[in-house]
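Q: Given next are the chains, with one letter for each unit.
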Amino acid sequence: MQKLKNLRLIEMQLLIVPALLALVGMLLVILVPRQQVQWEAKDLWTSFVFIGLLIGTHLALTLGLPKADQLLLPLVSALTVFGLIMSQRLQTDGGSRDGIASKQLLWIGLGYLVFVITALGLRNLLLFKRYKYTFMLVGLVLTAAAAVFGTEINGARLWFRLGAFNFQPGELLKICLVIFLAGYLDENRLLISPQRGRGFFNLPPLPYLGPMVAIWGISMVLLFVQKDLGPAELFFGVFLIMLYVASGRASYVIAGLLVFAVSSVIAYNAFDYVQNRITAWINPWPYAQGRSYQIVQALFSFANGGIFGQGLSSGAPYFIPEVHTDYVYAAIGEEVGLAGTLGIIGLNLLLFYRGFHVALKTSNGFYQYLAIGLVALLGLQTFIIMGGVTKLIPLTGMTLPFISYGGSSILINFFIAGLLVRISASD
Amino acid sequence: MMIKTARILAALLAAIALAIGFFYRPEEVVKGRTDNIWLLCLLVIGIMLLVVFWIGRLPVSQTSDPEERLRHNLQRLSSLLIVGFILMSLQLLRQQVVVADDLQKPFFTPQDELVQDPRLIREKLTNQRGYIRDTYDNIVAGREVAPKTQLVKRTYGNPAINQIIGYYSPLQFGNSGLEARYDDYLTGRAGANALVNWQRSLLHQPTVGNDLTLTIEPNFQALAQQKLGKLSGAIVLLDANSGAVLAMVGNPNYNPADLAFDPTQDDNQWSQQTKDIQKRWEALNKDPGIPLLVRPTQGLYTPGSTFKTITLAAALDLGLTQPESTWNDTGSFTVEGATFKDPNRPDPSRTTWTTQEAYMFSLNSIFAQMGLAVGGDNLIRYMDNFGFRKAIPFDLPIANSLPFLKAGFLTGKAAQASTGFGQGELLTTPLQMALVAATIGRTDGAMPKPYLVKKITAPNGAVIKQTQPEVWLNPIKPETARTVRDIMIASATKGWVGQSGGSLSGSGAVVGGKTGTAEVGGGVQNAWYIAWASKGDRLFAIAVVVDHQPGGEGLRLAMPPANELLKAVLETVK
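Chains as they are written, first to last, in our numbering: chain A, 2 to 428; chain B, -8 to 565.
Hints listed in this document are in silico derivations from the structure and should not be mistaken for laboratory results. There may be inaccurate statements among the hints.
Restraint-style ranges between C-beta atoms, simulated for each label pair [unchecked claim]:
#	chain 1	residue 1	chain 2	residue 2	range
1	A	122	B	196	52 to 62 Å
2	A	134	B	-7	28 to 38 Å
3	B	80	A	99	29 to 39 Å
4	A	312	B	450	24 to 34 Å
5	A	276	B	140	39 to 49 Å
6	B	510	A	308	53 to 63 Å
7	A	14	B	269	55 to 65 Å
8	A	214	B	59	25 to 35 Å
Ideal Cβ positions, reconstructed from N, Cα and C, are used throughout, including at glycine.
Input sequences plus hints: build the corresponding full structure.
A: This is the structure in structure tokens:
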């Protein structure tokens, strides 16, 4: 009996879903452009590789971490398979997207490797806590280096070019920030207990004020360098969430939001690109042939999807420029419809709640904050990019975790998932 | 308790905000594509949902138990997360379902650039829309497929039939007329090939529509248009036995070809083309002549003396009078202080006239008395019997004919009297009056159901739907119909109509007819003529109206075109 308990049967059963999705989705995506029902097994090689990755990861967890959470891997895989199918689907329209499916598969493979290494290899996560300042420093230095020496892509200098691939240190900086905050907040836990000064507009104690100002500063620098609201929103948002969870003080959050609002207003008045984003959000139509071309095409995409979508490979999401990275959600909206977009929201919510569950189950304060911070990172990034392409909030360039095409994004997200699995296995 | 109420209130507010956001869409919002109201509603929904989730949940924890505190804080954080994604789902629901159709309409930026969904253009413009043919299978509305792009252009064959065909503008204004009524068949969504077409549209292949065959006789239609000339008005010619419409014209009208988008043109001409069409559309809408109104079925006119046919039928059907009963006519009639002059008597010295003579010479005084005798309730009842206040079941949009404008109008005696000879507050359509003539001509007291589409055929020629002649209403008893018929014949042979050549002598037909001259104020009149003509086993009914003309007497303006048309029609009957 004890042996059977170690088999992770729930995970195994749940993994059937992404495996089937990979087969069926890929088959559709391959057959529809051909207009005939005729295929060979080798057409589906990406799906077989993907299923192999699922089996391998599952076995590795069964052997190495039998007690770890069983829902995280299936949820992450279900999201990932959408990304794989969409990259195969979008490359058939040719152009600059030629061959992105095999590249994406390579990244996903590396992602699962990172996942397994993180989950099984990082035996002592508490080391992270000890070296939190180092992490923060390394993240900042890398980002700064990219800003100075990096390659400029789409107007932002945030990339290192490594051979054929681009690497974005900004992605790493997010993790460093969360690790740092988790360690820092855990360390200063007593200073910030609710018994201390309860006045509403009391200045927060120095241990809070310090990082608050520092992170606000980093966000502002990012805003300047990247010429985008997104990273600033993400960093400051994750910070406020972790601050709130640690302190339970809404007043800190409100104060933080006020600071952010004021600096946003200043940014709005100072920078054209912020203004453009805002006007394009309130009404993109007057500039539909110009600067808001992309978002308007995305709106057409969503509108065409209706409830059940046009069917995989039967829509025309290729009218959206850069559809495979930031706008992949619009392509899903067109081809799988409201059913697909809501389904992805559902999968994400389940993933976040599983992450919170992991945080509540562990008794170590650092692990709790780390898990919550990582989920906040995923949740906020998902919300910002989904909200951007659906015109719920002003658009900011960002990848949709696990789904968008892109190397560093996939690796980092699998790293996050691996950390969550690792934490779930610690008692 | 307070908390519960507050929560319910907040949920209610969120629901109201959602309803407003989804369904309150004034024209300028749809046209300008502004989302301010919706975004505001979303904000309200978000705040209200947070209230629902947060209020009354554990007060801010004072316990020093860190587990308990973490749980509490996480709970609040989760509700924030869930509210965020609920808003996202609502946004998706709106973009993908609620306003999806509006988003796909063309939009012009302030710089006058055309913005349009490239997919929709392709799907709609590759549909091989069905042909519309006249009764001899001549193409009235056709298609032209560009060989390379598969894009389809709507072509038009016969300008005289164009208005009832309606415009076809899938990308800009939608469709009208037959193009709108039979859109499902014409696109192929309905009909024998519906399943095949659904499959093809899923696979993004061109779909093929079904064809319509009309009852329109192109020669009669062209003649009717020619005889109406430039005058404002309408002509409706029916086969009174079956209800088939042989000719139906209205003036002023328009040519749907002016509003047709030609996708076979070069891509870079599309924007200009759409703009030009938009300009023509706006001009048509501003035109004081209202060319977009299909007058034969939607034009409402005071019927004047042609309405005496209904008053007479009501009085006879109720047994209130006989053809030979006599009435007094001293040249004017006064009731409740209202005096109705009677300029129509052929012999002003004679004061006693029979019912038949009153109809033959259109004596207003006597029909005023007849209206009083029938009474308000019965007038309304017989008008309803003849199809007033009902939408005539027809292939084109219909305006209902009206017995009065203000409820209770016909309780007044003066109103009953003036309605009796066709004034009052009466408003009626040319098709309605043609159906009245048809009912009298038929002798069975039945009103046929009019129709314009004879059959619908699949692209391979298989018949999908064939229209069978039907009776729509039975307004009066058959014997009443025969009596009125005899009186109408007398009118067309010995009355004012007969004296002006309304009997169509030499045509070999029996004809009944009645003119009308309706006062519409401002020194202009509506000239009317309704008639039926029977030859062999064929029976035709016609209604002609020429509106708002100075000196617009029925005899002078409406009867001559009707006679010309009837002569031509009767010549085709052996």
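Q: For every hint, state whether the structure bears it out.
A: Here is what the structure says about each hint:
For residue 122 (chain A) paired with residue 196 (chain B), a C-beta distance near 53 Å keeps the hint of 52 to 62 Å intact. Between residue 134 (chain A) and residue -7 (chain B) the C-beta distance comes to about 49 Å, which lies outside the given range of 28 to 38 Å. Between residue 80 (chain B) and residue 99 (chain A), the C-beta spacing of about 35 Å keeps the proposed range 29 to 39 Å intact. About 25 Å separates the C-beta atoms of residue 312 (chain A) and residue 450 (chain B), a value consistent with the hinted range of 24 to 34 Å.
Evaluation of the 39 to 49 Å hint for residue 276 (chain A) and residue 140 (chain B) yields a pass: the beta carbon distance comes to about 40 Å. A hinted range of 53 to 63 Å holds for the C-beta pair residue 510 (chain B) and residue 308 (chain A), which are about 57 Å apart. Restraint check, residue 14 (chain A) to residue 269 (chain B): a C-beta distance of roughly 59 Å satisfies the suggested window 55 to 65 Å. For the pair residue 214 (chain A) and residue 59 (chain B), the supplied restraint of 25 to 35 Å holds, since their beta-carbon distance comes to about 31 Å.
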